[in-house]
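Participant: Take a look at the letters that make up each chain.
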Amino acid sequence: MTDELRELSAAGALRRIEAGDLSPDEVFDAHADAVAGERLNAFLWRAEPGSATGGGGLGGLPIAIKDLFCTEGIETTAGSRILEGYRPPYTATAVARLLDAGARVVGKTNMDEFAMGSSNENSGYGPVLNPWDEGRVPGGSSGGSAAAVAGRLAPWAIGTDTGGSIRQPASLCGIVGLKPTYGAISRYGMVAFASSLDQCGPLTRTVTDAAILLRALVGRDPCDSTSVGIPGGVELPAREDLTGIRFGVARDFSHHAEGVEPGVAATFERSLDVIARAGGEVVDVELPHAGHGISAYYVIAPAEASANLARYDGVRFGLRAAGDGDLLTMYERTRSTGFGAEVKRRIMLGTYALSSGYYDAYYGRAQRVRTRIVEDFAGAFESCDLIVTPTSPSVAFELGAKSADPLSMYLSDYFTVPMSLAGIPAISIPAGLAEPAGGGPQLPVGLQIAAPAFAESELLDAAHALEQAIEFDAAPPRGAGDG
Amino acid sequence: MASGGGYEPVIGLEIHVQLATRTKMFCGCELSFGDEPNVHTCPICLGHPGTLPVTNEQAIRFALEIALALGCEIAPRSIFHRKNYFYPDLPKGYQVSQYDVPLASGGRLGDVRIHRVHLEEDAAKLSHVGESGRIHGSGASVVDFNRGGTPLVEIVTEPDLRDPADARAWLQVLRTTIKQIGASDVNMEQGSLRCDANVSLRPAGTEELGTKTELKNMNSFRFLERGIEAEISRQAGLLGAGDAVAQDTLHFDPRTGSLTSLRSKEYAHDYRYFPEPDLVPVAPTEEMIAAARAALPELPADRRRRYESELGLSEKVATQLSSDAELAGYFERAIAAGGAEPVTVANWVTGELVARLRETGDGEVGPAGSRVDPEAIAALAGMVERKEISTGAGRQVLGVLVAEGGDPAAIVEREGLGGIEDSGELEAIVDAAIEADPAAAERVRDGNMKAIGPLVGHVMRETKGRADGGDVTRLIRERLGLG
Amino acid sequence: MIDREQVLHVARLARLELGDDEIERMASELSGILDHVERIGELDLDGVEPTSHVVALENVLRPDQPRPSLSRERALEQAPDPADGGFRVPSPQA
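Going down the list, the protein sequences come from chains A, B and C.
Under my numbering, residues 1 to 483 are what the first sequence spells out, in order.
Under my numbering, residues 1 to 483 are what the second sequence spells out, in order.
Under my numbering, residues 1 to 94 are what the third sequence spells out, in order.
Any given hint could be a false lead.
Stated by the list, open to error - Distance condition first, Cα-Cα at most 25 Å in a straight line; then the derived SDA-like pairs of lysine to any residue:
#: 1; chain 1: B; residue 1: Lys125; chain 2: C; residue 2: Glu77
#: 2; chain 1: B; residue 1: Lys83; chain 2: C; residue 2: Glu77
#: 3; chain 1: B; residue 1: Lys179; chain 2: B; residue 2: Arg147
#: 4; chain 1: B; residue 1: Lys83; chain 2: A; residue 2: Ile74
#: 5; chain 1: B; residue 1: Lys125; chain 2: C; residue 2: Ser91
#: 6; chain 1: B; residue 1: Lys212; chain 2: A; residue 2: Ser356
#: 7; chain 1: B; residue 1: Lys212; chain 2: B; residue 2: Lys179
To be verified - To be clear about the criterion: a stretch of chain B counts as covered by chain A if any three or more of its residues have a C-beta under 8 Å from a C-beta of chain A, and this derived list gives those stretches:
#: 8; stretch: 41–48
#: 9; stretch: 278–284
What the hints contain is simulated information worked out from the structure, not anything from laboratory work.
By construction, the Cβ of each residue, glycine as well, lies at the ideal position given by its N, Cα and C atoms.
Whole structure, please, built from the sequences with the hints as guidance.
Facilitator: Here it is in C-alpha cells:
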C-alpha cells in the first residue's frame with residue numbers, strides 16, 4: 001500500500017486527497033519512512049513522520065528541498081562542511097511560499113557543494129547514488145533532489161539551476177526538471193553560487209506536477225531586487241498535441257558538442273520524429289555563439305561565486321578552523337579546511353578572472369559573449385516557438401568516471417549552459433532509454449526544451465503534450481534506494 | 001602657502017558622509033548611535049548565506065540632492081559594483097559600492113571641482129581588545145555590526161586645493177551645504193563626516209602632478225589642516241634633499257604631529273571590481289531629479305549672493321555668514337527679530353560677538369552656542385543704531401550678554417548705561433573736564449587737536465561710556481569756543 | 001598558462017591555503033580550463049555591450065522604513081567566538 005502511495009504523482013495524490021480517498025498524513029508518513037531508511041545518500045536532514053497540515057493547493061504533500069535553501073532553525077549546509085551545523089535565522093522565500101501553500105518538508109537533499117558540480121560527487125557529505133544504478137551518479141548539483149524523486153522518496157522536490165543543475169540530474173534520473181526564467185522565483189534565502197544565473201525550480205515525475213509547483217513558487221519578492229515573477233502567471237498544461245508549434249533545432253550548436261553518446265544522439269533524433277508525428281514542425285535554427293557558452297559560463301559563474309563565497313570566513317557563522325593563528329591564518333585555514341576541491345578550484349578560477357590585468361580578457365569578454373548568446377536566442381525565436389536539444393551529452397556515468405578531469409565534467413553542461421546565460425526557461429523531460437557508451441543496461445535520456453523569457457505556460461503546455469506522446473513509462477527498480 | 005624650495009602643494013579631498021536615513025542602505029535595520037553592540041543587525045547586514053540587498057530609496061534621494069547641490073551631472077544610469085577584500089568588519093567579504101558608473105560626476109563647489117559623487121555601504125566597527133580584556137594593542141578584536149550597512153555618500157574632489165587652510169575652509173562650506181540639505185549630521189567627531197586628503201607637491205608653475213600620498217581619516221577640521229601641513233613639510237623635506245616621494249597611505253597623529261605609514265606588508269589590494277548582480281541599475285527619472293532639486297534649501301553660494309545683493313553686506317561678511325550653517329541661521333533669526341538694519345546686525349554678529357567669544361576662550365563656541373540670543377543681539381544693534389546708547393556702552397552690554405545672557409534693555413537700565421538724554425547733564429560734565437585739565441584745554445584752543453583725547457577720556461569715564469564719543473568731541477570744541 | 005607564482009598570488013587574494021602538491025595540481029587544472037575558456041578570445045566582440053543583468057529592471061527601491069532587527073542573542077547564536085556582545089576575531093595586523 002505504501003509502495004503504491006509512493007508511485008502516485010503529486011497531482012494524482014492531490015486528487016485523491018481532495019476526493020477524501022487519502023489523507024495527507026498517510027502520504028507524508030509513507031515517504032518519511034522511506035526517506036528514513038534510504039541508501040542513496042540523497043538526504044542530509046530528514047523530517048519525523050508526524051501530522052501533516054494539509055489544505056492549500058499543495059495538500060500537505062511531502063516535498064524534498066535541496067539543502068541550498070535556508071530553512072530557519074533547520075541545519076542548512078549547501079553540501080559543504082564549512083556550513084556544518086549552520087542553522088539559518090530565516091527561511092528562503094521559495095520555501096516559505098511552499099509552506100504557505102500547504103507543502104510539508106520531508107527532508108533536505110544532498111547536493112554538490114555550493115551547487116558546483118554535475119554529478120553530486122562534490123558533496124562534503126558523500127556522493128548521491130542514482131536509483132537506476134547505484135554505481136552511477138544522479139547528476140548534479142541537485143542530485144539529491146533528483147534521486148529522491150526518481151527513487152520515489154518524495155513525489156516532488158525543488159532544486160536550483162545555475163548552468164544545468166536541475167535539468168541535467170533530471171535527465172540522468174529520468175524525471176522532469178525545470179529551470180524557470182531568471183527572475184521568476186525569488187532567490188532570497190538560496191545560498192548564492194552565481195547570482196546572475198541561479199534559479200530555483202521543480203523536479204517532478206510529470207510536467208503537470210512541475211507546473212503545479214511552479215505556480216506556487218513564482219512571484220515578485222521585495223527581498224530580491226532581481227525578482228519579477230511571471231507576468232500573467234502560470235497556466236496548468238492542457239495541450240493534447242503539438243499542432244502549430246515550431247520546434248527549432250540548432251545543428252551547428254549540437255554538432256560542436258563533445259562527448260555526445262550515440263545512444264543520446266539516437267534518442268534525440270527519435271524525439272524529433274515523435275514531435276513531427278504529434279503535429280509539431282521541426283525547423284532549423286542557428287545559435288552561432290551557444291557553443292561558446294561553456295567558456296563564458298566557466299568565467300562568469302566562478303567569478304560571481306568567488307565573491308559570494310568570501311563571506312565564509314569563520315567570523316560570524318559556520319566553521320572556524322581551530323588553533324591560535326593570526327587573522328590571516330584563521331581565514332586561510334577555515335576556508336581551506338571547509339571547502340572541497342571543486343569549490344576551491346572555482347574560487348581560484350573566478351578570482352583570477354576578475355583580478356587586475358585579467359578582467360577585460362576574461363570577465364569582460366565573457367559578459368560580451370553572454371550578450372551574443374542572448375541575441376542568438378532572440379533571433380532564433382523569430383522563426384520557432386521552442387528550441388530542443390539533448391539535455392546532457394551522456395546518460396548517467398559511473399561514479400569517479402569524470403573526476404580526473406574537471407573540464408570533462410564541465411562539458412556535461414554544454415547543452416544547458418546557454419539557456420542559463422540567456423536567462424530563458426528550459427525544461428528536461430524523459431525522452432527514452434539508451435545504452436551508455438561503455439555498454440550496460442539502458443539508462444534515461446532527457447530532452448531539453450527551451451522557450452523565450454516568461455513563456456513558461458507555453459513551454460509547459462508543449463512539454464506536457466510531448467510527454468504524452470513519448471509515453472516514457474520506465475522507472476528505476478522497485479524499492480531502489482530503500483533501506 | 002610657501003612650502004619652501006618653490007614647490008606648490010596640490011591637494012584633493014575624499015569625503016565620506018553618513019546619510020541621515022532611518023534605515024541602512026540595503027536592509028531595514030535602524031541606524032544606531034552609541035547603542036549596545038549588535039542590536040541593529042539582521043541576516044542581510046550580517047552577510048548570512050542567501051541574503052540579498054535592496055536599495056533604500058531615501059538614500060538615493062539624499063545622494064541626488066547632494067549631487068545637485070554640488071552642481072553635478074546626474075548619470076542617466078548608474079550601477080553598483082562589488083569591491084572585494086577580506087576584513088572582519090566586512091561581512092560579505094565585499095563592499096557594495098559604485099565604481100566606473102557612479103551616480104553623479106563633474107560638479108563644482110566654490111573654487112573646487114567635484115570629480116564624482118557615489119553611494120556605498122559602511123563597514124562595521126572593529127574594537128581592539130587585549131588578552132586581558134582591556135583595550136590596548138594586539139590580541140583579539142571584537143566586531144560590532146550596528147554600523148555595518150549605514151548608507152554613505154562618497155564625494156571626491158579634483159586636486160584643486162593649494163593650501164591646508166583653504167582645504168579646511170572648503171570642507172566647512174561642504175559641511176554646511178550638506179547640513180542645510182539635511183542629508184547628514186556631518187559631525188566629524190562622531191564619524192558622520194570623514195575626510196581623507198590626497199597630497200602631492202610639484203615645482204611651482206608646472207602642470208604635471210607629483211606622486212601623491214593619501215592621508216586617512218582626520219577626524220577634526222583642525223587635524224585636517226595640521227595633517228596636510230605636516231605632510232607638505234615632509235614631502236618638501238624629501239624633495240629638497242633630492243629624494244623621491246613614495247606613494248603611501250598615512251595616518252596623522254595630532255598629539256605628536258607625526259605621520260605613520262599604514263601600508264601593510266600584505267599584498268596590495270586588488271579589489272577585483274565587478275558589477276553587483278544582486279542589484280539593478282539606478283536610472284533617476286525626471287520626477288526624481290525634479291523632486292531632489294525642489295528639496296534643496298538655499299545653499300551657501302546663493303545665500304552669500306543674496307546677502308550681498310539684497311542685504312547690502314560686504315563680500316567678506318556675507319562669505320563669513322553664509323559658509324557656516326549655524327552662524328547663518330543665527331544671523332537670520334536676528335534680522336527676523338527686527339529693530340536694526342541687517343548690515344548693523346551683521347557687523348555686531350561677525351565683528352563684535354564672534355571676536356568677543358574668541359577672547360573669552362569660547363572660540364569653539366559660535367554665536368549659536370553662546371548665551372547671546374539672536375533677538376538680543378538684534379535689539380542691541382538697534383539701540384546703538386538709534387543712538388539710544390553709545391557704541392562703547394553697547395560693547396559693555398555685549399560683555400554682560402556673553403557672560404550671562406539676558407535682555408539688552410534690562411541690562412542698560414540696570415547698569416545705568418543709557419545715553420545721556422539731558423544735554424545739560426553732558427555739558428556740565430564737559431565743563432568739569434575742561435576745568436580739571438586746563439593745560440589740555442589750552443592746547444586744544446591753540447589748534448592741537450590731539451590734546452582733546454584726555455578731555456574726551458575724562459568725559460567718557462565720568463559718563464561710564466554712555467556718552468557718544470562723537471558728540472563729546474563736538475561738545476568740547478563748542479565749549480572751548482572752537483565751533 | 002598559469003604558473004606557480006600566479007597560483008600563490010590568487011590563493012592569497014582568495015584566502016585559500018594550498019599545500020605544495022595542491023599548488024601544482026591547481027596550476028595544471030586551471031591551465032586546462034583556461035585553455036578552453038580562452039576560445040572566447042577568438043570571437044569578434046567589438047562594440048558588443050557586456051550583459052551584467054539579464055533581467056531588464058531599474059530603480060528597484062525600498063521605502064526607508066524600519067524592519068525588526070535580530071536580538072543580539074540571535075545575531076550571535078551562530079558565532080564561532082562570541083565575546084563582549086560581539087564577534088571576536090584575531091586582531092588584524094597593521
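Participant: A separate judgement is required for each hint: does it hold in the structure or not?
Facilitator: To see whether the hints hold, each was checked on the structure:
1. With a C-alpha separation of about 19 Å, the suggested pair Lys125 of chain B and Glu77 of chain C falls inside the 25 Å cut-off, and the hint holds.
2. Only pairs whose Cα atoms come within 25 Å are accepted, and Lys83 of chain B paired with Glu77 of chain C is rejected, the gap being roughly 28 Å.
3. Proposed proximity of Lys179 of chain B and Arg147 of chain B is supported: the alpha carbons are some 21 Å apart, at most 25 Å.
4. Taking the CA atoms of Lys83 of chain B and Ile74 of chain A, the gap is near 32 Å; set against the 25 Å cutoff, the hint is violated.
5. A distance of roughly 13 Å separates the Cα atoms of Lys125 of chain B and Ser91 of chain C; the hinted pair therefore holds under the 25 Å criterion.
6. Distance check on the hinted pair: Lys212 of chain B and Ser356 of chain A sit about 21 Å apart at the alpha-carbon level, within 25 Å; holds.
7. Between Lys212 of chain B and Lys179 of chain B the alpha-carbon distance is near 30 Å, which puts this suggested pair outside the 25 Å criterion.
8. Only residues whose beta carbon comes within less than 8 Å of a beta carbon in chain A count, and the stretch 41–48 of chain B has 4; three or more means the coverage holds.
9. Here's how the stretch 278–284 of chain B fares: 3 of its residues keep a CB closer than 8 Å to some CB of chain A, so the rule of at least three is met and the hint holds.
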